[in-house]
Structure formats: structure tokens, C-alpha cells
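Enquirer: Let the sequences and hints guide you as you build the complete structure.
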Amino acid sequence: MSAVSVTGLRKSYGAYEALRGIDFTIEPGEVFGLLGPNGAGKTTTVEILEGYRARNAGTVDVLGIDPQQSGSAWRERIGVMLQSSSLYPNLTPRESLQVFAGYYAKPRDVDEVVEIVGLAEKADDRVRTLSGGQKRRLDLALALVGDPELVFLDEPTTGFDPGARRTAWDTVRNLRALGKTILLTTHYLDEAEQLADRVAVLRDGVIVREGSPAELTGGIVETEIRFRRGGEDVVEHTKDATRRLHELTAEALARGEELEQLEVRRPTLEDVYLELTAE
Amino acid sequence: MHELRTEQVLFWRNREAAFFTFFLPVIFFLVFGSIYGNSTITKEHLRAAPFLEAGMIGYGVASTAFAGLAITMVIRRESGVLKRVRATPLPPWTYLLAVLVSTFITFLVEAVLLIVLGRVLFSVAVPTRPLSLFVALVIGAGAFAAMGLGLTSVVRSAEGSSAVVNFVYLPMAIISGTFFTPKEYPAFLRVIADVLPLTYFTKLTRDVMVRHHHLWSESGSVGVVLLWGVVGIAAAIRGFRWQPRES
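Each protein sequence line maps, in turn, to chains A and B. Residues in the first sequence are numbered from 1 upward in steps of one, following this note's numbering. Residues in the second sequence are numbered from 1 upward in steps of one, following this note's numbering.
To be clear, the hints were calculated from the coordinates, so they are not data collected in a lab. Some clues are possibly wrong.
[Said to hold, decoys possible] Facing chain B, a subset of chain A residues (Cβ under 7 Å, in silico): (1) Glu76; (2) Val80; (3) Leu82; (4) Ser84; (5) Ser86; (6) Asn90; (7) Tyr103.
Where is the CB? At the ideal position from N, CA and C, for every residue including glycine.
Expert: What follows is the structure, encoded as C-alpha cells:
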């Protein structure tokens, strides 16, 4: 059975349609990335799955239960990291984790969770003295402390420096290795590419593309070849990169020229994303 | 219990709030007690100090259970803490109950502190009706906490919370006569005072502490306080939110 299954999900705020009928499923143990620009409906989707918001139409099943009818037993099994930080400023990270651990029947060890998110050095400082990125790491830790099966991460690395992002990514990979199911929203494409088994691109309340990052980028068949020749930049797009590259290099060798700054680039998820979300 | 302990830690860690809601009544008691504690209220031949002590307990319920609780809950709502707690297995009612009991404990500590200070500094006798007083404090804290939770629904932002709450509770504390007796106020103020819950709660504490009445002989005042409590509960049920307003 799927961990999450959504069909025909619709949500309106007044006359504004935030979600116009979306469908997707997440299998147990999968990392599913929900990608899209601001206002696409990512947070609305996640908050419906978390049980915060009521839907207008469609069916939603999260761990076998409709979130609108969920109870304590169901919340034991999910972990939530909201889009904005939600912490007690006057507790320390360790205390915050102890408080939240107390809400669960079988929590993880607090020291271990502190370690996992890389907050060991700050564990006993007041939360209000932490940086934005450190607060987000505590939000992440709070989502993990109940040892949930399914974790919702709403833009988990927004505001992180590159090092902290790598650490957070490793944390997500470790969770995946433990068999956790993860729903991740992000507008960082490399993040989705690095972490997600499958990605759905959301735009204006509709899923415009869904698949593994490789499948999505595979949709664009042209490879880009760039180099400098005679002081000018040359950019070519080709469907047959092997042959074209061979021709170019053979030509250059025959003439005794150098193909300066030669670069062969497969389309990244970013290219696909920009193409899909372009107005 | 776990949550109750957390709530107490949270309250005392927040120095501004602890000062504002807990120590302000104590400080006012010390200041006004020094100024006119030994003068006599002519009508009843009472010293002013015991009268002020009972009044400051009234002021304490307004600052701790009403104003302090309302501001704390608005800040937690707007910072997303309440929303986050809702995603845990902790039942919402358990959370609210812990918040309310913690508020009551804080208020009780404050009342005891006021009584001790009154005894030591101003030679005010220890209340002779402790059970009546305790029940009165429970009723008052419950009613004002309900009103505090109800008030959170009209406050839209964390920044606005102290402004709105002070706007309601400071005039109430003065008009209701927690510092001075409202009997000598001009008529229009007395009309307002006559409907305010704090007037009746302060009357209760004074009847029990100063005039040694039993609580059950003051059913009128108890009734008005409870009635306001019911209004507060109704407002809280209608308007209390766990999340910031959706934009």
C-alpha cells in the first residue's frame, strides 16, 4: 500500500483556486520531491496532507488514514517541519527536543537527534541566539524526534549556507536509508535532483510533470556543446552529441586548432524546470 | 505533568513577561503600600494596607491570568508554535489545560507572595478564610483566563498583542478599583465599574480577606465573575485559533 495517495485534490481560497485537481502517490521508503515556484501550491498540498487544512474535493490517504479524520495515533507516525520556523525562543535546542520527545510514545534519543542535525555545539544555547539556519536545523530535529515513518519537510534548507545544506542532505539520505518515507518541497532544483527518487513539478495548482529526475531531464533530448573558436563563443544544441562532438574534435585536430573551453552539458533539472514553469 | 513543567520553565525564562505579569502587582503593592498603607479608610475604619493587598491580588489576576496569558498565546500562535504542537500526538486539550494550570500556579505564587509581603512589611493579618480565598482565586483565574483566551481572537499580530491587551486591562484595573475604592469615583466611571468583572473579583477578595466573609455568602459577586467567565469561554470557543490567520 502507498504511504501517501492523492487523487483529484482541489483547494480554493475564496475565488482563488490554489490546487486544481492533483494526483500523486508516494511509496513507502521513497523520497518524493514537490517542486515549484512560490505560490504554486506546494505548502497548501503539504498542509492538507498534514491535516492542517481542509480540502474542497478529492481523496487523500496518508498512512491509510484521511488526515481530516486523524488522531493522536496517526500523529505518532508523522514528522512535520513547517515552512517557517516554529520554536520557543527561551528554551535551548536540547530542551526543545526533550519537550517534544515527551509528546511521543517512542521518541528517538535526544542527544542522537542533536548530533544528526549537527547542533551539538549549540545544544545548550537559547534558541533565540541561534542563526536562521541553525533554527531550521532544530525544526528538522523536532520533525525527527518522534521517530516517524513519514516526514514532511517544507522547504527544509531555505536560508542554509552551502555547508549546512550538504549536512541536511546527508540527514535526509540517512533517513531514507532507515526506510523513512519523505515528502520534500523545495524550489532548489539541485536539492530535488540530489535527494528525490521522484519529483512532481507543480505550477499554478497543477502537476505539470512527474517522474524521476532522470526521466524528467530525459524528456529533453538535446545536449549543449559550448566552446570558443577564433575568440568567439559557439553554442550548439544537438540530438546526436557523440557524432557532433567527434566531427568537431576531428575538424579541430585536422586544422591543428584547440577547442578552447570545450564543455558538453546534459540538460539539468533546472533547464526542465525553467522550461516547465516559464509563463 | 511534562507539559506543565515545560510551561513553568517557559514562563520564568521569559523575563519581560515574568516582570510584566508577575512582579508588577508586587511592585505596585510595595509602592502604594508605602505611600498610603497606614492611612485609614474612614467609612469602614479599615487600614488601607489590607484593602490594597486584596486589591493587588485582583490586579494580579488581571495581569497574570488575563493579560499575560493572552499575550503569550498570541505570540505562540503567530510564531507557529501552536500550529507545530498540533502536529504532535499531544491532545490539544492537554496542552491548553497545562497552560491554564501553569498560569494558575503562577498566580497562586503571586498571591502568596503578596500576603507574605503584606504581613512582613505592612503588618497585614494573614487571611482567616484560606479555603474561601483559594476557591475565589480558582474562580477568578479560570474566568479571567477564559477571557484572555477569548481576547486572543481579536489580536491579529504578535506586535499588536501588548498594545491591545494593555488597552483593555490597564483601564479595567484602574476603573475596577484595584488601587483605590471605586465607591469614590465619579458616577460615569462607577457605571462602567459596575459591569466590569474585575470590580466583582476585587470585591470578592476584599470581602474574604479584609471583611472575613465566607465565599458562599457573596454569591452575587461570584455569579458575575462566573458569568464573565462563560462569556470568555464562548469567545474562546468561537475565536481561538491555533494558527496565524491565512493570508
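Enquirer: If a hint holds in the structure, say so; if it does not, say that too.
Expert: Here is how each hint holds up against the structure:
1. Annotation: A/Glu76 was flagged as interfacial toward chain B, and the flag holds, the nearest CB pair being 5 Å apart, inside 7 Å.
2. With 7 Å as the threshold, the beta carbon of A/Val80 comes within range of chain B, its nearest partner Cβ sitting at about 4 Å, so the hint holds.
3. Taking 7 Å as the C-beta contact cut-off toward chain B, the hint placing A/Leu82 at the interface holds, the least distance being around 6 Å.
4. Among the interface hints, the one on A/Ser84 holds; its C-beta lies about 6 Å from the nearest C-beta in chain B, closer than the 7 Å criterion.
5. Interface restraint check for A/Ser86: the shortest CB-CB distance to chain B comes to about 3 Å, inside 7 Å, so the restraint holds.
6. A distance limit of 7 Å between C-beta atoms decides the matter here; for A/Asn90 the minimum to chain B is near 4 Å, and the interface restraint holds.
7. Because the beta carbon of A/Tyr103 sits about 4 Å from the nearest beta carbon in chain B, less than 7 Å, this interface hint is met.
Hint compliance for this structure: no hint is broken.
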